Amino acid sequence: MKVVIIDYKAGNIQSVKFALERIGIYATVTDNISEIISADKVILPGVGEASYAMTALKGKKLDNVIPSLTQPVMGICLGMQLLCKYSEEGDTNCLGIFEQVAKLFPATKLKVPQIGWNTITNLKTNLFKNIKENDYQYLVHSYYVELSNYTIAKTNYVIDYSSALQKNNFYGVQFHPEKSGLAGQIILENFIKL
Amino acid sequence: MLAKRIIPCLDIKNGRTVKGINFENIRDAGDPVELAIAYSEKGADELVFLDITATIEKRKTFSKLVTRIAKQINIPFTVGGGIGSIEDASKLLNAGADKISINSAAVNDPELIKKLANKFGNQCIVLAIDTKFENNDWFVYANGGKLKTGVKTIDWAKQAVAHGAGEILLTSMNNDGTKNGFAVDITKRISEAVNVPVIASGGAGTREHFKDVFIDGKADAALAASIFHFEEIEIYSLKKYLKQNKIEIRL
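Chains as they are written, first to last, in my numbering: chain A, 1 to 194; chain B, 1001 to 1251.
Keep in mind that the hints are not guaranteed to be accurate.
Label-pair distances were calculated between CB atoms; the ranges are [claimed, not checked]: (1) A/LYS61 x B/LYS1064: 32 to 38 Å; (2) B/THR1178 x A/ASN93: 50 to 56 Å; (3) A/LYS9 x B/ARG1068: 20 to 26 Å; (4) A/ILE37 x B/ASN1014: 42 to 48 Å.
Subject to a maximum C-alpha distance of 25 Å in a straight line, what follows is the list of computed SDA-like cross-link-like pairs (lysine to any residue) [stated by the list, open to error]: (5) B/LYS1115 x A/PHE105; (6) B/LYS1091 x A/ALA56; (7) B/LYS1211 x A/LEU110; (8) A/LYS167 x A/THR121; (9) B/LYS1218 x A/SER142; (10) B/LYS1119 x A/ASP7; (11) B/LYS1091 x A/ASP7; (12) B/LYS1188 x A/SER142; (13) B/LYS1246 x A/ALA183; (14) B/LYS1064 x A/THR30.
Hint data in this document are derived by calculation from the structure and do not stem from the laboratory.
Please read these numbers as outputs of a predicted model, since none were measured by experiment.
C-beta atoms are modelled at their ideal positions from N, C-alpha and C, and glycine is treated no differently.
Okay, chain A solo, but in the shape it has when bound:
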């Protein structure tokens, strides 16, 4: 099993790498196109800012490579938003796998960014095998993706939004499974088994 974590410098890749090691997977962190294409599983991690991240991906010509991948691909947090068409963060055109856009949470009494543990519901696909409705996952984000036919997990903060997306071989999770205790670990294991 060859798992690749895409290295685009802007992301906090170490925590994903370490979380995989805790389940016995030694992933390769790389920006090498042929290594990415030949991997069994590809993870696009994310802590960072959208326009900065897209510039980094373009600089490595990964903006054309990622949408063409056919193996299971999972974007995490910003990584999920980069799989969308556009992000309001930095007025950024993203990879366009999902037609949805990442929007800033509307100003209400609730705080932005959302930081902390929130529940995930309406779980679909094997990514959530053995995960209970209303399990907590850790989230840190100011931008959200609305509900759509691609939604495979829903979370409420200000509004109901997509905390996970899926289209063909592409998965995106807004939460950080690598930081979400045991429930997060199971989700990572499920992705590896896809």
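Fit chain B to the given chain A structure using the hints.
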């Protein structure tokens, strides 16, 4: 619903956990990695590690420690202490930290917050404020509580958030180490004045103190050190107590 967070804080010096009482009289409370694992297993929602090591040479030790922690724990953690540049932040985030907290460097150069937020996203920039009540208001202190800035805490919090701080870690120097409760009033004022989460810190002594700072102080998270390190309050029973008091808590 988003849960309120319970955050044990570990002050680190030369790779060991320490806790200052009113920023003085440091006591040794053990190995940080051991503590971190224990806390994540007991139900801590997040951890904060503050490096109080003075020299640059020793800071390399901290970055290695960050990696050791990141390898072993599966909950988020923030690191801080002496971060003064994009490079410092980048090093610690790459070592495996989820968020970085900045304090004095941001007081000296508020533009640093903008630079960090632009590069890493404001959600991983925690602004730590040491605050002291004197002359009928709360003021900001820098350099580990040694430097009086004369800036009102409420003004600094607003400015920092406008610059891109994603979270505020508010430590009351009056309350820190006293175990007489959090500074509920200033926590509430800051929490209502800014649109980012506020972590209350300093003064936790009982379970009721946590309840008060969540309900009356409108804190999004509460941080404590010695009461957890010396097991005066057990995290799981604290969380159960808070949940019984109708506070949204992850159990």
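Quick rundown of the hints versus the structure:
Evaluation of the 32 to 38 Å hint for A/LYS61 and B/LYS1064 yields a pass: the beta carbon distance comes to about 34 Å. Between B/THR1178 and A/ASN93, the C-beta spacing of about 53 Å keeps the proposed range 50 to 56 Å intact. Taking 20 to 26 Å as the suggested C-beta distance range, the pair A/LYS9 and B/ARG1068 conforms, at roughly 23 Å. For the pair A/ILE37 and B/ASN1014, the supplied restraint of 42 to 48 Å holds, since their beta-carbon distance comes to about 46 Å.
For the given pair, B/LYS1115 sits about 22 Å from A/PHE105 by alpha-carbon distance, which is consistent with the 25 Å threshold. Proximity of B/LYS1091 to A/ALA56 is assessed by CA-CA distance (about 18 Å); at most 25 Å being required, the pair is judged to hold. Between the alpha carbons of B/LYS1211 and A/LEU110 the distance comes to roughly 19 Å, so the proposed pair stays at or under 25 Å and holds. Between A/LYS167 and A/THR121 the CA atoms are separated by roughly 18 Å; this keeps the pair inside 25 Å, and the hint holds.
Distance hint between B/LYS1218 and A/SER142 is fulfilled; the C-alpha atoms sit about 20 Å from each other, no more than 25 Å. Distance check on the hinted pair: B/LYS1119 and A/ASP7 sit about 16 Å apart at the alpha-carbon level, within 25 Å; holds. Taking the CA atoms of B/LYS1091 and A/ASP7, the gap is near 15 Å; set against the 25 Å cutoff, the hint holds. With a C-alpha separation of about 22 Å, the suggested pair B/LYS1188 and A/SER142 falls inside the 25 Å cut-off, and the hint holds.
Proposed proximity of B/LYS1246 and A/ALA183 is supported: the alpha carbons are some 24 Å apart, at most 25 Å. Between B/LYS1064 and A/THR30 the alpha-carbon distance is near 22 Å, which keeps this suggested pair within the 25 Å criterion.
Against the hints set out earlier in the document, no violation occurs for any number.
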